[in-house]
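Each chain, written out:
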Amino acid sequence: MSIIDSIEIVPMGTHSLHLRLDGYLPAAWADALRSLNIGGVSEVVPAEATMLVRCEHQRARESVLSRLDEVARIADETQVSLDASPIEISVRYDGEDLPTIAEQCGLSIEETINRHCSGLYVAEFCGFAPGFAYLSGLDPVLQLPRRDTPRTRVPVGSVSIAAMYSAVYPTASPGGWHLIGSTSAAVWDINRDPPALIEPGRRVRFIRE
Amino acid sequence: MTTAFSVIAPGIATSIQDRGRFGFAHLGLGRSGIVDQTLAAALNRSLGNDPTTPILETAGGLVLECVTRCLVSMSGWTSPRLMLEGERIQVSATSGRQWAYLAVAGGFWGNPVLGSLSADTMAGITAVDVSVGVSLRIDGFTSGTPSDLIAPQSAETDVAVISGPHLDRLSPSALETLTSTNWIVENNSRVGVRLVGGALQLASEAASGKSEPMIVGALQIPPSGCPIILGRDHPVTGGYPVAAVIDDSGLSTALGVAVGSTLKFRLK
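Which chain is which? The protein sequence lines are A and B, in order. Residue 74 in our numbering sits at position 74 of the first sequence; the count goes up by one each step and never skips. Converting from the second sequence to our numbering requires adding 209 to each position, the first position being numbered 1.
A couple of the hints might just be wrong.
[Stated by the list, open to error] Here are the computed lysine to aspartate or glutamate pairs in the EDC-like style, where the Cα-Cα straight-line distance is at most 20 Å: (1) B:Lys473 with B:Asp456; (2) B:Lys419 with B:Glu395; (3) B:Lys477 with B:Glu385; (4) B:Lys477 with B:Glu365; (5) B:Lys473 with B:Asp338; (6) B:Lys477 with B:Asp457; (7) B:Lys419 with B:Asp456; (8) B:Lys477 with A:Asp22; (9) B:Lys419 with A:Asp148; (10) B:Lys419 with A:Glu8; (11) B:Lys477 with B:Asp456; (12) B:Lys419 with A:Glu56.
Read the hints as simulated data drawn from the structure, not as lab findings.
Produce the complete structure using the sequences and hints provided.
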């Protein structure tokens with residue numbers, strides 16, 4: 001059986017494709033597909049369990065469909081190589097919500113910090129704001145629902161957690177995640193290419209300052 | 210480059226736009242770009258510009274004063290005009306359209322951000338400031354030959370859509386509701402167009418809770434059942450099911466239609 005028989009492919013708009021990739025890491029597929037540089041493929045956007053392949057014409061769409069087995073193979077290999085070099089982000093564990101996080105999780109503050117900075121995270125996808133990467137790999141004990149009332153302004157560089165993810169706020173914005181710490185790492189910089197520090201598929205470690 | 214205009218009144222939601230930014234959607238930065246590309250292309254072409262040469266886009270009320278004589282094309286005109294020093298011009302949308310454009314021979318000039326001059330309201334990017342007293346510069350050279358006429362715009366409000374991808378999260382009657390309703394535009398911004406006049410029914414298990422990748426023209430169905438058409442500055446991921454996506458042929462019509470106007474959808 002070909003691997004593409006195990007995934008669901010649905011058109012999304014005139015030429016683009018929406019792939020349901022249950023059981024796979026969409027970020028790794030997206031990276032693999034992008035590495036093929038197929039003409040007319042303008043965006044490859046991974047999300048939690050799905051991926052959009054934006055095609056500018058029918059020819060591009062056909063090329064993508066004919067090369068999905070190859071994409072699946074490369075995705076497997078990329079996953080391995082990405083594991084080798086995590087991005088390290090140094091964190092000051094001074095978040096406004098740190099005491100409440102510890103309390104709600106039934107942990108000491110020290111234990112809360114240890115559990116957050118001992119994880120190896122995977123950037124699954126970006127969304128919400130430019131450069132905002134959803135990092136899976138959060139310790140299950142630290143998985144809390146979002147705050148009941150979102151803050152109207154979360155400072156840039158806030159290291160936060162919500163549900164199964166951790167993230168760094170790339171710009172000051174409203175936000176409903178719990179603030180555990182802060183970093184001075186430039187997560188988003190429009191004068192840099194790529195502008196995002198954490199690209200989907202990359203591994204991330206938080207280092208305690 | 211030359212200073213061509215001084216901004217007397219910035220108007221509403223005014224910005225410089227071009228073809229937008231390509232290849233950053235996976236980092237959370239969308240394409241942005243000209244909303245009504247059909248109209249903007251007609252204006253640019255009438256001046257001998259490429260169709261996506263940087264252009265001024267506004268929801269109305271923009272007033273400029275000409276500083277250097279230049280050839281200009283604008284929404285509502287039938288042909289380009291030579292503007293003279295000291296002359297003032299007001300840019301307003303024509304009846305039924307939300308977005309108005311002013312194109313200049315050679316195009317507007319600025320320092321691109323990630324390859325584009327487009328302002329992105331979602332990402333907070335402004336490559337060229339268009340506020341009171343600002344001088345707008347132009348590139349001064351056109352690559353083509355101006356034509357005498359601006360191609361007329363169709364008054365069509367019936368657009369083709371491609372169903373899916375989230376039909377499993379909608380009731381079986383949802384597409385029928387989508388294509389049989391006369392939708393009224395309640396709100397139109399660069400981020401999206403909000404429609405009222407009916408409601409699509411969601412399936413009981415509609416809430417997947419997962420973020421899905423989005424595309425311009427996607428008809429997102431929030432719990433109210435009233436569709437939102439994602440605009441050029443849409444967020445790159447979203448959680449609401451998408452009933453259908455507007456065909457490329459109808460994007461300018463659907464995104465450019467004025468508040469209070471009617472839109473109809475048909476399956477392609």
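Tested hints:
For the hint pairing Lys473 of chain B with Asp456 of chain B, the CA-to-CA distance comes to about 13 Å; that is within 20 Å, so the pair holds. Distance check on the hinted pair: Lys419 of chain B and Glu395 of chain B sit about 27 Å apart at the alpha-carbon level, beyond 20 Å; violated. In summary, the hint linking Lys477 of chain B to Glu385 of chain B is supported, as the alpha carbons are separated by about 13 Å, within the 20 Å threshold. A C-alpha spacing of about 16 Å is found between Lys477 of chain B and Glu365 of chain B, which places the hinted pair at or below 20 Å, so the restraint holds.
Between Lys473 of chain B and Asp338 of chain B the CA atoms are separated by roughly 36 Å; this puts the pair beyond 20 Å, and the hint is violated. Among the hinted pairs, Lys477 of chain B with Asp457 of chain B is consistent with the structure: their alpha-carbon atoms are about 11 Å apart, no more than 20 Å. Pair hint Lys419 of chain B plus Asp456 of chain B does not hold up; C-alpha atoms about 25 Å apart against a cutoff of 20 Å. For the suggested pair Lys477 of chain B and Asp22 of chain A, the alpha carbons sit about 29 Å apart, so the restraint of at most 20 Å is broken.
The hinted pair formed by Lys419 of chain B and Asp148 of chain A meets the criterion: a straight-line CA distance of about 19 Å does not exceed 20 Å. Pair hint Lys419 of chain B plus Glu8 of chain A holds up; C-alpha atoms about 16 Å apart against a cutoff of 20 Å. About 8 Å separates the Cα atoms of Lys477 of chain B and Asp456 of chain B, which keeps this hinted pair within 20 Å; it holds. For the suggested pair Lys419 of chain B and Glu56 of chain A, the alpha carbons sit about 26 Å apart, so the restraint of at most 20 Å is broken.
When held up to the earlier numbered hints, the structure conflicts with 2, 5, 7, 8 and 12 and fits the remainder.
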